[in-house]
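S.K.: Each chain, written out:
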Amino acid sequence: MERGLSIKTIVAIGIGSAVFVILGRFASIPTGIPNTSIETSYAFLALMSIIFGPIAGVLIGLIGHALKDALFYGSIWWSWVLVSSFVGLFIGVFASRINIQSGIFGGKQIITFNIVQAIVQAIGWFLIAPTLDIIIYAEPANKVYLQGIAAGLSNIVTVGVIGTILLISYARTRSKSNSLSVE
Amino acid sequence: MATEMLAYIDRKSFIHGLSGATKLIIFIMWSSIAMLTYDTRILLVLFIFSMIVLKVSKIKLREIGFVLLFILAFLLLNNIAIYIFSPQEGVKIYGTSHVLVEIVGRYNITLEQLFYQFNITLKYFAVIPAALLFIVTTHPSEFAASLNKIGVNYKIAYSVSLALRYIPDIQRDFRTIAQAQQARGIDLSSKEKLTKRIKNAGSIILPLILSSLDRIDTISNAMELRAFGKKKQRTWYNERNFNRHDYVTMLVGFIILIVSLVITFSDGSRFYNPFV
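Chains as they are written, first to last, in the numbering used here: chain A, 1 to 183; chain B, 1001 to 1276.
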């Protein structure tokens, strides 16, 4: 019956992008290393990708990050926006393997989630972001790779810690499948 | 918590009178040129042209000053970082070396490096006024209609419109939750240790996320009841049709795009090299 995007996904993209903007602006914690902060918005992005799937992930990353840059900083850094949507997309691709709606998010799912997010983010921040920076802005290679590695490591840790906590808490709000027992 | 954010500024000007779709197309063309080219002459022309457009739009610099300050600070830091990491990048690109000031070894200041960093800065200066103008002269509701008009699926355009509509609400939620948690002694400021701060951040964003997920349910039920997405197309209350001004503007934008690309790539390199 549903053609293309379901209404729920459309709304999730809209509200998700708005939350991404707000978290990116107000809930990022500077680590003391210049240009590197704990971006809680990526933990949220990972959560949304797992709940609503890859299409929501890619669009929340794209719209959320582009709006955040545009509304608060007045210009859009496309190289990094594209990486956000890349991260949203590929974490979402593995959503079905985790199946958060079943209410089960234990050891096995936590490991799967963290392996996936670490690989996806490593590719995104260590490779794609610096390469695009070089292509678009012709910035010095060693500078952008160092920035990418710093941002990537901090985002992997952030999603690993806060993202996992968010997913565990979210799973608790779902009723477990097979939770009924015969008396 | 400073919450200054760019928003629509209502004026009567030629720029405000253009349809949102025209401005979006021009903005996309403008950013593509600024991304592709490294030709100083084109970047300078773009920059001067966007200053003229800023004048025409009757938006005062003061009104967007806070963002400009932020961008200037960012550009300064970025330039320092580039110099620290790669002080001879300009020499590598332009192939010659004119030393101006001797410091030590590779940190000698060269004319090429200064010119290269001037170009990087100019690249931002060429695109920032266009981006700022697009945001402050296009009404958010019209923005979604414009996205749809240039070919974006209306459901996705509607998501963007939802996001713009709910950013202020979610910002208010965020502040309420943050204050409630602070009243309970959960501190998010720099007085707290880093690990503690991360943990505390979690106790603010979790309620925010759960309430937003509820919001998603409510809104999607409401939209479902109104049969959103039933038809292949939809109309927009704020849609504006193209008029003569729009066509002229788009034509001018298109000519600028073509000319810039021809000049940039005619000599086989996207850098303009005054040193040879």
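Just so you know, these hints were derived from the structure itself, not from any lab. Treat each hint with caution, since some may be false.
[Unchecked claim] Distance condition first, Cα-Cα at most 25 Å in a straight line; then the derived BS3-like pairs of lysine-lysine:
id: 1; chain 1: B; residue 1: Lys1155; chain 2: B; residue 2: Lys1092
id: 2; chain 1: B; residue 1: Lys1092; chain 2: B; residue 2: Lys1058
id: 3; chain 1: B; residue 1: Lys1232; chain 2: A; residue 2: Lys8
id: 4; chain 1: B; residue 1: Lys1092; chain 2: B; residue 2: Lys1055
id: 5; chain 1: B; residue 1: Lys1232; chain 2: B; residue 2: Lys1155
id: 6; chain 1: B; residue 1: Lys1231; chain 2: B; residue 2: Lys1155
id: 7; chain 1: B; residue 1: Lys1230; chain 2: A; residue 2: Lys8
id: 8; chain 1: B; residue 1: Lys1199; chain 2: B; residue 2: Lys1231
id: 9; chain 1: A; residue 1: Lys143; chain 2: B; residue 2: Lys1058
id: 10; chain 1: B; residue 1: Lys1060; chain 2: A; residue 2: Lys108
id: 11; chain 1: A; residue 1: Lys8; chain 2: B; residue 2: Lys1012
id: 12; chain 1: A; residue 1: Lys176; chain 2: A; residue 2: Lys8
id: 13; chain 1: A; residue 1: Lys8; chain 2: B; residue 2: Lys1231
id: 14; chain 1: A; residue 1: Lys108; chain 2: A; residue 2: Lys176
Computed from a predicted structure; not experimentally measured.
S.K.: Each of the hints needs a verdict: does it hold here or not?
M.R.: So, going through the hints one by one against the coordinates:
no.: 1; hint: Lys1155/B to Lys1092/B; verdict: 47 Å, violated
no.: 2; hint: Lys1092/B to Lys1058/B; verdict: 42 Å, violated
no.: 3; hint: Lys1232/B to Lys8/A; verdict: 17 Å, holds
no.: 4; hint: Lys1092/B to Lys1055/B; verdict: 38 Å, violated
no.: 5; hint: Lys1232/B to Lys1155/B; verdict: 10 Å, holds
no.: 6; hint: Lys1231/B to Lys1155/B; verdict: 11 Å, holds
no.: 7; hint: Lys1230/B to Lys8/A; verdict: 14 Å, holds
no.: 8; hint: Lys1199/B to Lys1231/B; verdict: 46 Å, violated
no.: 9; hint: Lys143/A to Lys1058/B; verdict: 39 Å, violated
no.: 10; hint: Lys1060/B to Lys108/A; verdict: 57 Å, violated
no.: 11; hint: Lys8/A to Lys1012/B; verdict: 38 Å, violated
no.: 12; hint: Lys176/A to Lys8/A; verdict: 22 Å, holds
no.: 13; hint: Lys8/A to Lys1231/B; verdict: 17 Å, holds
no.: 14; hint: Lys108/A to Lys176/A; verdict: 16 Å, holds
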